[in-house]
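Take these sequences, add in the hints, and give me the full structure.
2 protein chains.
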Amino acid sequence: MSTFVVVGGDAAGMSAASKAKRENPDLDVVVFEQGEWVSYGACGLPYYIKGEIQSLEDLVSVTPEQFREEREIDLRTGHEVVDIDPDQQTVIAQHEAGEVVQPYDHLLIATGAATVTPPIGGFDKEGVYTLGSMSDGKDLREYVARSREDQDLQQPDRGPACQFLETCSGPVGIVGGGYIGVEMAEALAANDFEVHLFQRGDRILTSFSEATSEAVLDHLDEQDVAVYLNAEVTSFDGDNAVEAVVTNEDHVPVEMVLVGTGVRPRTALAEDAGVELGPTGAIATDSYRETNLPSVYAAGDCAETQHVVTGEPVYIPLALTANRHGRAIGQTVTGERTEGGGVAGTAAVKAFDVEAARTGILNHETAQAAGFDPLTETIDANSRAGYYPEGGTVRVTLTIDRPSGRVLGGSLVSEYGEGAVHRSHALVGAVTEGVSVEDFANYDLAYAPPFNTTWDPVLTAAKVVERRR
Amino acid sequence: MSTFVVVGGDAAGMSAASKAKRENPDLDVVVFEQGEWVSYGACGLPYYIKGEIQSLEDLVSVTPEQFREEREIDLRTGHEVVDIDPDQQTVIAQHEAGEVVQPYDHLLIATGAATVTPPIGGFDKEGVYTLGSMSDGKDLREYVARSREDQDLQQPDRGPACQFLETCSGPVGIVGGGYIGVEMAEALAANDFEVHLFQRGDRILTSFSEATSEAVLDHLDEQDVAVYLNAEVTSFDGDNAVEAVVTNEDHVPVEMVLVGTGVRPRTALAEDAGVELGPTGAIATDSYRETNLPSVYAAGDCAETQHVVTGEPVYIPLALTANRHGRAIGQTVTGERTEGGGVAGTAAVKAFDVEAARTGILNHETAQAAGFDPLTETIDANSRAGYYPEGGTVRVTLTIDRPSGRVLGGSLVSEYGEGAVHRSHALVGAVTEGVSVEDFANYDLAYAPPFNTTWDPVLTAAKVVERRR
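Chains as they are written, first to last, in UniProt numbering: chain A, 1 to 469; chain B, 1 to 469.
Derived by calculation from the structure, the hints in this document are not laboratory data. Please note that the accuracy of each hint is not assured.
If chains are identical, the list can't say which one is meant, so a pair holds when it fits in one copy or spans any two.
[Stated by the list, open to error] In the DMTMM-like style, the derived pairs of lysine to aspartate or glutamate whose C-alpha atoms are separated by at most 20 Å in a straight line are:
# : residue 1 : residue 2
1 : 463       : 23
2 : 463       : 339
3 : 138       : 124
4 : 50        : 390
5 : 463       : 336
6 : 125       : 272
7 : 50        : 286
8 : 125       : 142
This is how it looks when you write it as structure tokens:
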């Protein structure tokens with residue numbers, strides 16, 4: 001009987017384990033997870049902290065018991081894999097009561113990513129948080145709950161964002177203007193905190209188009225989030241607890257700070273076993289997610305993947321890719337060799353009352369490095385028929401390759417509910433299939449007055465950029 | 001100097017005229033429109049009748065004055081073209097004050113469609129309406145307004161749908177369960193009419209999947225619309241005014257009836273000139289929308305087009321196609337020969353608090369006739385992350401070709417605002433590009449908890465149908 005061992009029990013690991021067991025019930029599937037949580041929706045943590053989700057358990061899609069009893073997966077939580085021996089085809093896992101040596105026929109390394117700890121003085125002070133795990137989420141929720149209790153007692157008025165509010169906590173700082181930073185700004189402001197967001201570069205959401213970044217920035221401003229661009233955070237001031245964020249230009253008093261400056265792949269275990277990393281610093285794999293070691297796979301936030309436009313390796317750790325690649329590996333190890341597909345770098349974010357999505361290649365230097373001659377246009381269009389009583393504006397950025405007309409990437413932003421994110425689905429196909437903007441502009445997309453204009457905004461954008469070629 | 005003559009001043013005609021003039025300002029562009037309205041959003045009429053749009057003028061995207069003054073198009077409203085002489089390259093138009101003979105170098109026939117008048121006795125009675133023009137819309141709005149005035153005076157309780165309402169008018173009948181029927185059911189019910197909808201076949205919205213039809217039917221039922229399936233309407237009873245809809249099974253008292261049983265292309269003028277029709281009964285064109293007569297084009301609701309999946313001629317008269325083909329013709333006649341693309345048969349509809357979209361080929365007989373071996377699956381999935389506080393259900397139907405896996409078509413339905421329509425954008429690309437369901441399931445679609453599950457419902461549907469192959 002064959003054994004499939006998985007290291008790491010989140011999206012990639014549990015998708016692979018479930019798929020493999022489903023395809024071949026005779027396969028022994030063993031999963032080692034060092035923590036207690038498996039298969040959890042980390043993307044939901046900001047909404048848990050915000051208070052819209054009542055329990056951490058709600059973020060768990062399948063419980064450990066369900067994996068064990070219903071799916072018959074030998075899931076061992078509290079087990080840290082400390083060594084892989086590819087010659088013997090064994091892993092060594094440590095747990096409370098000792099150590100176990102587990103042989104494998106196929107191995108999946110799905111060790112995930114760790115939050116980046118930037119070189120900021122005072123990082124270890126009380127009141128400095130990151131958001132990389134369920135327990136981080138728990139800590140932040142508890143902080144919010146404590147603060148709300150305090151403010152209910154005191155009702156202070158501590159800053160400009162609070163002047164129209166009955167109660168206001170904080171001020172609090174967020175370092176980093178990516179997804180986590182923006183989502184946490186919403187979560188904290190919804191709890192009446194005065195929010196200060198520090199971003200190193202000259203715009204937030206840097207993977208989106210400049211026009212999208214600008215629209216979200218304007219909206220954060222409307223929501224009384226103080227955004228500091230070009231802010232190099234040098235230290236967190238205070239005695240035991242953080243009392244201020246110090247940047248190259250400012251000294252901003254805060255009672256708490258969340259650092260969300262990205263993640264790096266957890267690769268130490270793999271490297272020690274002789275698994276090669278790729279140019280991005282994440283584990284290198286082929287299109288079947290197999291590493292340089294035979295029968296050793298890697299997927300999820302510890303691995304790199306290939307971009308559908310350039311074919312080049314990229315490190316874009318997101319939930320769908322982890323699920324998809326895990327599932328493909330589950331099929332492969334049970335006999336049906338399956339590619340899980342590349343990534344288009346698609347991402348979506350909600351920020352208060354706006355939504356945004358991006359896909360493909362928007363950055364001109366990246367496009368040029370891949371041999372394209374990029375051209376970018378941005379349009380603003382009605383999200384629904386102009387005469388329809390509801391509606392707003394969708395801003396669409398398209399980047400194409402000028403000579404061929406190929407759609408390289410797109411970025412959209414609209415009011416929440418006006419469809420920027422779901423409309424991006426149209427662009428993912430175009431980017432993935434290498435469709436020209438001319439052909440794309442002729443797509444027979446759905447139209448009715450409550451949903452769009454006759455030419456959906458993505459088609460209008462295509463017409464405009466096509467005319468500029 | 002060259003002259004481009006357009007017959008018909010709605011979507012196809014005005015798009016062609018505008019594009020041609022924009023590309024070549026030296027071109028003489030003459031448009032003959034027999035009515036007074038041009039470039040109007042007929043798709044908005046149900047919302048005007050509902051009362052959500054205050055004025056008919058709001059449906060007009062560009063006024064006749066703007067076409068004349070800003071776009072320098074020689075637009076002649078109140079001019080009916082009665083003859084085309086392709087040998088002389090002239091058209092004859094009649095107007096109040098006489099007749100004009102207009103030479104052309106390029107001619108576009110964009111005469112649109114007329115509402116079908118089914119063989120129902122008593123069709124000419126007072127209170128029987130169709131909805132094919134702006135003046136039809138005006139008449140219906142006036143009817144609604146009169147009834148509301150009456151009910152404000154009387155406050156009668158006339159039927160089951162009214163029992164929980166303060167006031168109720170009607171009852172009214174709708175013949176036909178297509179877009180118009182469903183949208184008008186919403187418009188009339190919103191005005192407190194008791195609505196009876198008669199559908200000849202065994203389901204409404206027959207171009208959508210059975211699962212979509214069923215969901216919308218259930219919703220109409222929740223909204224107290226009485227739907228009569230398999231109802232063959234034989235006559236409208238009454239003296240001068242309609243008093244009842246008579247079917248093979250029922251005799252339903254009504255005060256008004258709207259007949260929305262489809263449209264047929266207006267082809268008489270073209271036929272008289274020797275323009276050939278295609279197998280669908282609409283004007284045949286090549287991929288440049290040129291007819292059998294040189295320099296004579298046809299587009300919009302009078303013309304057939306090619307289906308992107310089968311390549312076969314189809315008659316699917318919808319607004320985007322008219323706009324797109326008009327625009328392409330405008331480019332072609334100014335020197336840049338341009339194909340406007342085929343159609344995927346994409347359509348969207350809002351029905352009270354649900355939304356639905358469809359694209360491609362869903363009908364198994366149609367698929368088989370085109371050489372495919374169709375397989376259809378339907379799934380219900382959460383529209384957002386299960387733990388996210390908002391959200392509903394998206395029902396997705398996918399039809400694929402079993403041997404190749406090619407995505408042939410899809411149909412979606414969800415609560416209004418839960419994204420069935422915009423999500424269909426993903427399927428249009430797959431259908432148009434001939435993508436296999438296996439590749440489609442690997443698309444890197446946008447994900448974040450406020451917008452979908454990690455696997456968007458369209459991807460989940462793809463996984464499910466792929467597994468069934």
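Results for each hint:
With identical chains, the CA atoms of residue 463 and residue 23 are at most 20 Å apart between copies only, with a shortest distance of 14 Å across copies and 46 Å within one. In the homo-oligomer, the alpha carbons of residue 463 and residue 339 lie at most 20 Å apart only across protomers (14 Å), although the nearest pairing inside one protomer, at 34 Å, exceeds that limit. For the homomeric pair residue 138 and residue 124, the shortest alpha-carbon distance inside one copy (18 Å) is at most 20 Å, but the shortest distance between copies (71 Å) is not. In this homomeric assembly, residue 50 and residue 390 come within 20 Å of each other (Cα to Cα) only across copies, at 14 Å, whereas the closest approach inside a single copy is 28 Å.
Taking identical chains as interchangeable, the C-alpha atoms of residue 463 and residue 336 lie at most 20 Å apart only when they sit on different chains, with a minimum of 15 Å there against 42 Å within one chain. Taking the shortest Cα distances, residue 125 and residue 272 never come within 20 Å of each other, neither inside one copy (32 Å) nor across copies (87 Å). Within a single copy, residue 50 and residue 286 get their C-alpha atoms no closer than 39 Å, and across copies no closer than 57 Å, so neither meets the 20 Å cut-off. Taking the shortest alpha-carbon separations for residue 125 and residue 142, only the intra-copy value of 17 Å comes in at or below 20 Å, while the best inter-copy value is 71 Å.
Checked against the numbered hints above, the structure violates hints 6, 7; every other hint is satisfied.
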